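Asks: Could you put the whole structure together from the sequences, leaning on the hints where they help?
What follows is each chain in one-letter form.
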Amino acid sequence: MHDPTRDQALSHAETAELLPWLVNGSLADDDLHRVEAHLERCADCRREAARLERMARALAGRAEPVAPPRPDFAAVMAHIEAAESPGDGASGRRARPASGRSFAWLLAAQAAAVALLSVVLLWASAPGDVGAGFRTLARPAAAPALASAPRLRVVFEEQLTEVELRDLLLSVRGRVVAGPTPFGVYTVELASIDSGELAGVVDRLRRSGKVRFVETVVGQ
Amino acid sequence: MRPEASARAADDAADRHLLERVARRDRAAFERLYERYADRVARYLLRLVGRREVVEEALNDVMLAVWRGAGSFAGHSRVSTWILGIAYRKGVDALRRLVRQPIAVPAESAENGEPPGDELTAEQLRMSLERALETLSAEQRAVVELTYYFGYSYREIAAITGCPVNTVKTRMFYARKRLQAAWSGRDSAGSAAGEERS
Numbered sequence: 000m001h002d003p004t005r006d007q008a009l010s011h012a013e014t015a016e017l018l019p020w021l022v023n024g025s026l027a028d029d030d031l032h033r034v035e036a037h038l039e040r041c042a043d044c045r046r047e048a049a050r051l052e053r054m055a056r057a058l059a060g061r062a063e064p065v066a067p068p069r070p071d072f073a074a075v076m077a078h079i080e081a082a083e084s085p086g087d088g089a090s091g092r093r094a095r096p097a098s099g100r101s102f103a104w105l106l107a108a109q110a111a112a113v114a115l116l117s118v119v120l121l122w123a124s125a126p127g128d129v130g131a132g133f134r135t136l137a138r139p140a141a142a143p144a145l146a147s148a149p150r151l152r153v154v155f156e157e158q159l160t161e162v163e164l165r166d167l168l169l170s171v172r173g174r175v176v177a178g179p180t181p182f183g184v185y186t187v188e189l190a191s192i193d194s195g196e197l198a199g200v201v202d203r204l205r206r207s208g209k210v211r212f213v214e215t216v217v218g219q
Numbered sequence: 000m001r002p003e004a005s006a007r008a009a010d011d012a013a014d015r016h017l018l019e020r021v022a023r024r025d026r027a028a029f030e031r032l033y034e035r036y037a038d039r040v041a042r043y044l045l046r047l048v049g050r051r052e053v054v055e056e057a058l059n060d061v062m063l064a065v066w067r068g069a070g071s072f073a074g075h076s077r078v079s080t081w082i083l084g085i086a087y088r089k090g091v092d093a094l095r096r097l098v099r100q101p102i103a104v105p106a107e108s109a110e111n112g113e114p115p116g117d118e119l120t121a122e123q124l125r126m127s128l129e130r131a132l133e134t135l136s137a138e139q140r141a142v143v144e145l146t147y148y149f150g151y152s153y154r155e156i157a158a159i160t161g162c163p164v165n166t167v168k169t170r171m172f173y174a175r176k177r178l179q180a181a182w183s184g185r186d187s188a189g190s191a192a193g194e195e196r197s
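Residue numbers (numbering that gives the first Met the number 0), protein chains in the order written: chain S, 0 to 219; chain G, 0 to 197.
Simulated from the structure, these hints should not be mistaken for laboratory data. This structure is a prediction, so every number in the text was calculated from the model and none was measured. Virtual Cβ for every residue (Gly too), placed ideally from N, Cα, C. All the given hints hold, so there is nothing to weed out.
Quick list of the computed label-pair ranges, beta carbon to beta carbon: (1) Pro70(S) with Arg23(G): 21 to 31 Å; (2) Gly68(G) with Arg46(S): 38 to 48 Å; (3) Ala82(S) with Asp25(G): 17 to 27 Å; (4) His75(G) with Ala82(S): 18 to 28 Å; (5) Glu163(S) with Ala8(G): 46 to 56 Å; (6) Arg56(S) with Ala4(G): 21 to 31 Å; (7) Ala42(S) with Gly70(G): 52 to 62 Å; (8) Arg203(S) with Ala22(G): 34 to 44 Å; (9) Asp43(S) with Ala6(G): 34 to 44 Å; (10) Ala9(G) with Gly195(S): 49 to 59 Å; (11) Ala8(G) with Arg45(S): 30 to 40 Å; (12) Glu39(S) with Glu34(G): 41 to 51 Å; (13) His75(G) with Leu31(S): 20 to 30 Å; (14) Ala4(G) with Ala82(S): 35 to 45 Å.
Replies: Quick look at the structure:
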């Protein structure tokens, strides 16, 4: 029930304090009645409310400073998997069946691509093979110390072909050492580089348009 | 119950159901919850932080916290309030780490002796407001955006930011001083960020 004595108790300062929420329309009924009662007899507060309303329209109508990032559930799951598995990529992970409807075919396609790539790399690195004198950029021999080689967790774009995946890995001197996880996360090991170069590689991958998510493995 | 309150209650009931499933590690429910909140959280973080690359990271951190914390949701607030509260903390953390780059403002709009607010062009006012927003503390800026852009009540903002309602009002009070100085076309040389009396 409306209580006029409470209206009278609301001071000028208290009313002024609540005006931003009068303007945005969120005041609860009890506050609203008391503020309106004060406004009826206070010209200063009415002017202030009108001014705030104009300012609120300007503030609410501002354009986004930049377009918000597009929602990407795969990137979030990759982030979660990375956070929950601080060790190596996929080994020892609490793997669960993928429930995301959009991932099954992605996983199948990327698994096939990586399988193909693995065959290529195994063939190329076989001892005494005809390619012994030929060294690809992705071969471990190019990296002096595998133990110190930085690792990335990567989710590739869904449409990536095996050829594009191979070219991308070669361009950053990387090789797949684990994955995919149920959400399509691969662990990619790079040739030994310094931290500045690592940041550059991560940036290049992000800008390539061929990965949905990339981050360095914790501790790198 | 107001119609919008009824709609909010229905939304919250759906959110709670999803969150209960997320607590049981149901990834389909998590994806549904993500679809409901990703855009809202991203826009909020963007308003607060202003840098897309930071927003992407912060959004992932928020959803990680939701995934991990679903089982500990006490139910004392709406799910949306809980999630935006997480976003608030991640956003403020990110904002504190950033050295915010001031927005270039045409010099003439910041000079003393400008005409009153209503006589400034819309673009001059917008730039002036943007510049004033840049001078606010992360906490003040959050209150302004949650009020004017997202339309939350001061009680909801108190729940989101985890502070008393009087602190919310105080933050708004000092933010208003800055913004109104910009709105009237004058540059505020005060130190609103340090004036908070909470």
